[in-house]
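Quick note: the sequence shown uses the numbering used here, first residue 1, plus one each step.
Watch out, some of these pointers could steer you wrong.
To be verified - Computed cross-link-like contacts, DMTMM-like style, restricted to lysine to aspartate or glutamate with a CA-CA straight-line distance of at most 20 Å:
(1) K136 to E104
(2) K110 to D173
(3) K111 to D173
(4) K48 to D25
(5) K12 to D25
(6) K48 to D21
No wet-lab data here; the hints were simulated from the structure.
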Amino acid sequence: MGKWTERPDLEKILLLSTCFDVTTDYLLKGIEDNNSNLSETNMPAKRKANARIFTAAGTAINCIGLISAIIIWMERQTSSSVAIGFMIMILGCLTHIVGQIVGENIVIAKKWFAVINTWVLLLMPISCVYNFIVAKVYGFWWTVSPIPRIGVGTPVNYRLCWVCYIAICILLDIIILKFNRTI
Numbered sequence: 001m002g003k004w005t006e007r008p009d010l011e012k013i014l015l016l017s018t019c020f021d022v023t024t025d026y027l028l029k030g031i032e033d034n035n036s037n038l039s040e041t042n043m044p045a046k047r048k049a050n051a052r053i054f055t056a057a058g059t060a061i062n063c064i065g066l067i068s069a070i071i072i073w074m075e076r077q078t079s080s081s082v083a084i085g086f087m088i089m090i091l092g093c094l095t096h097i098v099g100q101i102v103g104e105n106i107v108i109a110k111k112w113f114a115v116i117n118t119w120v121l122l123l124m125p126i127s128c129v130y131n132f133i134v135a136k137v138y139g140f141w142w143t144v145s146p147i148p149r150i151g152v153g154t155p156v157n158y159r160l161c162w163v164c165y166i167a168i169c170i171l172l173d174i175i176i177l178k179f180n181r182t183i
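Turn these sequences into a full structure, and let the hints steer you where they fit.
Below, the structure is given as structure tokens:
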């Protein structure tokens, strides 16, 4: 028995290198090269994080922010509840943005983040606007709260606030889905 006379196919070597996350030198010579100056062609492709994981985490953080703001408001009736909720939501949005930078499947993640978080992120601003308008119309002292306040104004105004919130969210979701048809 003699030496191996056939040469391995270059494409198969590159495929094995990528599959096993090793250099081509390691496959051909059995040498691990720990040198940081390896060329990009010898190194296997680095796998990117999935942006959808960051989107799910960002969405969860945003929901926690909204729920925290509502719970704090119910307990203490202070406008700091909205500030705390917004700070947590900023963290959730930043988590999503990090996923857009370091991840793959960015288009899908961005679309679903926008569709789902429209509902979470718009409740507090719409509630604050409603509470402000109703307080000015009816002469109440305006307080910032994460949800529309019951008992301020009339039941018709309260229902109208929720109808506007739902209509705005549905309209934005339709726009997002219409202009991002990439699933």
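Hints and how they fare:
Annotation: proposed proximity of K136 to E104 is violated, straight-line Cα distance about 48 Å (limit 20 Å). Restraint check for K110 and D173: the C-alpha separation of about 13 Å stays at or below 20 Å, so the hint holds. Distance restraint check for K111 and D173: the Cα-Cα separation of roughly 10 Å lies within the 20 Å cut-off, and the hinted pair is therefore satisfied. Straight-line distance between C-alpha atoms of K48 and D25 comes to about 23 Å, which puts the hinted pair past the 20 Å bound.
Proximity of K12 to D25 is assessed by CA-CA distance (about 14 Å); at most 20 Å being required, the pair is judged to hold. Taken as a hint, the K48 and D21 pair is honoured in the structure, with Cα atoms around 14 Å apart against an allowance of 20 Å.
Going down the numbered hints, you'll see the structure goes against 1 and 4, while the others check out.
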